[in-house]
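Chemist: Sequence:
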Amino acid sequence: MRMNNYFIFDTNTLLSALFNEDSTAGLALKRARISGTLLVSDEIVAEYVIVFSREKFNRWVKMETRIDFIENIISNSISINPAQTITACRDPKDDKYLSLAVSAQASCIITGDKDLLVLHPFDKIPILNPTDFLTVYK
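Each residue of the sequence shown is one higher than the one before, starting from 1 at the first, in the UniProt record's numbering.
Watch out, some of these pointers could steer you wrong.
[Unchecked claim] Distance ranges between label pairs, derived from CB positions:
1. 59 / 35: 11 to 21 Å
2. 74 / 105: 12 to 22 Å
3. 56 / 123: 15 to 25 Å
[To be verified] No farther apart than 27 Å at their CA atoms in a straight line, the calculated lysine-lysine pairs in the BS3-like style are these:
4. 56 / 114
5. 93 / 138
6. 56 / 30
7. 124 / 30
8. 56 / 124
9. 124 / 114
10. 93 / 124
11. 56 / 138
12. 93 / 114
Simulated from the structure, these hints should not be mistaken for laboratory data. Each residue gets a CB set at the ideal place from its N, CA and C atoms; glycine is no exception.
Based on the sequences and whatever the hints tell you, model everything.
Modeler: Structure below.
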C-alpha cells in the first residue's frame with residue numbers, strides 16, 4: 001500500500017453513504033477518510049452539487065443535510081484539475097473519474113457503476129466497489 005492514499009468516490013456511492021452511513025458505501029467512506037484523502041475535480045464537484053440538489057431526494061434526506069454533507073466532502077478533499085482528458089469509459093459522463101485518477105495517481109476509485117467497474121484496473125489504478133474497497137483497505 002502507498003504511504004499516501006488518494007481516493008475518488010463517484011456521486012452515487014456518496015449518495016448511498018449519505019442515505020445510510022452504516023451501509024457498505026457509508027463504511028467505505030469512513031474507511032477512506034481514515035486511511036487517506038479524498039480527491040475531487042471541478043467537474044466532479046459540479047456533478048456532486050447537481051445530483052445532491054435534486055428535489056427527488058427530499059423524501060429521504062432534507063436538502064440542508066445533503067448540502068452540508070457534500071460541502072463537508074468538498075472542503076475535506078484535495079481538488080485537482082486533471083492534466084489530461086481520458087475517453088475510455090462506455091459512459092462518457094464517467095470519464096471524469098478516470099481523468100482525475102490518472103492525473104492524480106489515485107490509489108483507487110470507489111464506485112458501484114458497472115461502466116467503471118468493468119475497466120478495473122485502469123492504468124494500474126484499482127476500480128473497486130465499496131465491499132471490495134473495505135476488503136483491500138482493512
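Chemist: All hints, please: hold or fail.
Modeler: Okay, the hints, checked on the actual structure:
Judged by the Cβ atoms, the range 11 to 21 Å given for residue 59 and residue 35 is violated: they are separated by roughly 33 Å. Checking the proposed 12 to 22 Å range against residue 74 and residue 105 shows it holds: the Cβ atoms sit about 21 Å from each other. With their beta carbons about 35 Å apart, residue 56 and residue 123 fall outside the hinted range of 15 to 25 Å. Restraint check: the Cα-Cα separation between residue 56 and residue 114 comes to about 23 Å, which is no more than 27 Å; the hinted pair holds.
Annotation: proposed proximity of residue 93 to residue 138 is violated, straight-line Cα distance about 30 Å (limit 27 Å). Distance check on the hinted pair: residue 56 and residue 30 sit about 26 Å apart at the alpha-carbon level, within 27 Å; holds. Proposed proximity of residue 124 and residue 30 is supported: the alpha carbons are some 24 Å apart, at most 27 Å. Between residue 56 and residue 124 the alpha-carbon distance is near 37 Å, which puts this suggested pair outside the 27 Å criterion.
A C-alpha spacing of about 18 Å is found between residue 124 and residue 114, which places the hinted pair at or below 27 Å, so the restraint holds. Annotation: proposed proximity of residue 93 to residue 124 holds, straight-line Cα distance about 21 Å (limit 27 Å). A threshold of 27 Å between alpha carbons decides the hint, and for residue 56 with residue 138 the separation of about 35 Å lies outside it, so the pair is violated. Between the alpha carbons of residue 93 and residue 114 the distance comes to roughly 13 Å, so the proposed pair stays at or under 27 Å and holds.
Going down the numbered hints, you'll see the structure goes against 1, 3, 5, 8, 11, while the others check out.
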